[in-house]
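Enquirer: Taken in sequence, the protein lines are chains Z and B. Just so you know, we're using our numbering here: the first sequence kicks off at 1 and counts up by one. Just so you know, we're using our numbering here: the second sequence kicks off at 1 and counts up by one.
Incorrect hints may appear among the rest.
Below, simulated EDC-like cross-link-like pairs (lysine to aspartate or glutamate); rule was C-alpha separation at most 16 Å, straight line [as the list claims (entries may be wrong)]:
id	chain 1	residue 1	chain 2	residue 2
1	B	K57	Z	D117
2	Z	K113	B	D61
3	B	K57	Z	E123
4	Z	K248	Z	E259
5	B	K284	Z	D117
6	B	K498	Z	E29
7	B	K106	Z	D82
8	Z	K313	B	E346
These are calculated hints, taken from the structure and not from any lab test. Quick caveat, the model's predicted, so the values are computed rather than measured.
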Amino acid sequence: MADKSDAVATREAPAPSPGTAVVPSDAVENPGFPPYRPRVSDLDPAKERANERRVAWMFWASIVGSVFAIVAYIVFPIVPGDVSTVRLNNMFLGLGITLGLFGIGFGAVHWSKSLMDGHDMTESRHPTRGSEETREKAVEVFQLGNKESGFTSRKLIRNSLIGALVVTPLPAVVLFRDLAPAGDPVARLKHTFWEKGMRLTRDPDGTPIKVSDVTLGSVFHVIPEGLNEAEDRLEEKAKAAVLLMRLKEEDLHVSPGREDWNYQGIVAYSKICTHVGCPVALYEQQTHHLLCPCHQSQFDITREAAVIFGPAKRPLPQLPISVDAEGYLVAQSDFHEPVGPSFWERSL
Amino acid sequence: MTVEATKTTPRNEGPRISTEDEQAVPPNAGMRFTNWAANYVDERTSISGLVRELGRKIFPDHWSFMLGEVALYSFVVILLSGTFLTFFFQASMAEVVYDGSYVPLKGLEMSAAYASTLDITFDIRGGLLMRQIHHWAALLFVASIGLHMLRVFFTGAFRKPRELNWLIGFVMFVLAMAEGFTGYSLPDDLLSGNGLRIIDGMIKGVPIVGTWLSNLIFGGEFPGTQVVGIFYSVHILLLPAILAAAIGVHLVLLVVNKHTQFAGPGRTEGNVVGVPIMPVFAAKAGGFFFIIFGVLALTASLVTINPIWAYGPYDPSPVSAGTQPDWYIGFADGALRLVPPGLEFELWGFTVSLNILLPIAVLGIFLLLVAIYPFIEGWITGDQREHHMTQRPRNAPRRTAIGAAGVTFYAALWAAAGSDLIATHFKLSIESVIHACQALLILGPIIAYVVAHRICIGLQKKDREIALHGFESARIVRLPGGEYIEVHEQLSDYERWKLIDFEDYKPLMLRPNAQGKITVRQRVRSRLSNWFFEDRIAPVTRTELEAAKHGSHH
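Next up, chain Z with everything else stripped away, as it sits in the complex (with noise of 0.2 Å):
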């Protein structure tokens, strides 16, 4: 290993620090290369010859391949509707073109292992870093710029201009906020579509639900009333969307000031996970737990949506329901807080 360190560090004056390193001075001696084991190929024409006609052959089966695939593109077309002539088109376009990029690389790889030269070959390092010369011309370059522009001696100029190149990027900052309307975000996240006496109608059709229709133990997907004709569609889904279910009344434990939001115990919970903000679809009906598929938040309607798992710290909010003259499920007002994953701002 002796000899390692002698070829790293040959010119340069300054030998690096070994550190910690052990240099050993009894170090096995490097026995050098190995003899080298001829292939098939060096020691049989024969063999030589059918190598390369093997190689040959690749780089024709992927002529093959690549014609092949033109001819698929043409005779599997894709008839509309038919999902299967996808499917092969897919496939036999895919596969052409397969042994098309197969043949030349398992050519190409196979006349380099079974036909070039098979010798290892060797070639010196060198330190990376430059050599004392040209470091030393380096650094005659920087005090000669430094010189002839006066860059560390005139300091008022140099100042200036560091300062001025500090500043210049930052109008690139206010250019950003067009990217969303004017106004404040955080009062449009503390208000949602809902409002007073809105019907509460089935997700994604939008027909009304009557109290009736909500049978013990049912669970119903709720959009409000007029949210599929909204401008902002998709927006104020994602923070209107509700779930309603009716459990029987002995099982709810209601909290003070909420004894008239549900109905017969039908409540109606907002299905925006308070964690990150993924509906919260799935309802396990004897436990009355919500579970929400991206993180595993759970949820106890029983208990007013109350957290008994997982990374969501906030109970999902709870829609004050009522009913109106023709029987169908109503809204006593919007949510009494923001829906959804917490953000700064929230509870200001």
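Start from chain Z and add chain B according to the hints.
Expert: Using the frame of chain Z, we list chain B on its own:
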């Protein structure tokens, strides 16, 4: 000079210079054209210098060196297939009514992005193939970068002078994940929309600026109408440009530093042993590109990936159970799942979402440690020499143990991202799977660390044993005196060299400096160095080898 004499025969370590004279034959038409073209280009570019410099550069051979190649080639495949897709894809969230060939979604309202993705799939011949090649290549791209990084880490190939190239590679790893995520979001289907929803929730959880950041990215409220357009610019312009530039620098540094090589007879820190670029490496690597492309084309023609038509257009209300991100985002998703419950509170009226910030911080610290590891290890060893011989993982036990711990940490986060699928597959409760993953996240790295370290030391001892005394030949011989012995077969010098050519470090001794003081910095460094190198197996010395040779002659 005969051909053999210029090859890697013992003690001849100079570069090979070809002196074989061409037979003087009159040039035919093809050669005349080649000569003319070469002359034409060189007189205008002086490219002959570059060819002379690079044409016969030597590349060492080892199967693990191909992982970086896989990454490079899959990137090229991504560029090619992605360019095709841009011809048909419409990066717009304008609402359209679908009127294409896929009957189940006919008449549905959806974004132009989703509709055009359906058109690429169902109305353009080869469109589905290109989409699938693109997606499979993206998965392979990130996977091969990850494996390449593991190879570089565990063999110590990041040591001086390659620390900067490690850093560039790390940046590319992060960029590749960003490319993957932005591309995944473009079709605006139900699955990717839920992914965006999670990102939106995470951004909103950032203190002070979160709400505004989300507002700007989504152009108002989630999902808005601009995020696909923004991601498209980022995905096809900004990130690929940075990636291509980084790849360029990465490869230039590879040429400047020359490739590392494993220990072997005749190989030293001062040479590179392998095959020249022209012609062997060019043929192998060029062929390998076509093989990688072929494997991706074959997979894409037979195996469906990301069937966006089955998910439907994005709608904030429905979600399917068992939703999964692409594999490389899994560790981030898992971190969100494993956070302990109830970590959110209010401070002076502001909401602090630690349940989001903690996973982000953990991921950030993990990635930061990966990025700066070469500098940490360089500081501990104090070794300022260049290193061109890769280490076998066993010969750097602490590093290998740290790597094993890191891999286990990542794996625990990754497994957590599939906690619901694990639960449904193995009929377990979701809660117990999460708790098991939480335990694995903390305990797993510790166990992996200890076990990997012990295994390394054990393997080193075994190597030493074999180098000194050979291996057991399973041949039992009875000596004249009645004693039975098993004959040990000695290794050849060449085989033995592979086992004993490695570096040895001693722990740093704590010594006072010139002022007679022991600084805190010194103390920390010495502590770390002791931890790093206290258990070590020294390489076999010549004396030991001689002694063993004489001793083993019965």
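Enquirer: Hint by hint, note whether the structure agrees.
Expert: Taking the hints in turn, this is what the structure says about them:
no.: 1; hint: K57(B) with D117(Z); verdict: holds (15 Å)
no.: 2; hint: K113(Z) with D61(B); verdict: holds (12 Å)
no.: 3; hint: K57(B) with E123(Z); verdict: holds (8 Å)
no.: 4; hint: K248(Z) with E259(Z); verdict: holds (15 Å)
no.: 5; hint: K284(B) with D117(Z); verdict: holds (12 Å)
no.: 6; hint: K498(B) with E29(Z); verdict: holds (12 Å)
no.: 7; hint: K106(B) with D82(Z); verdict: holds (13 Å)
no.: 8; hint: K313(Z) with E346(B); verdict: holds (12 Å)
Checked against the numbered hints above, the structure violates none of them.
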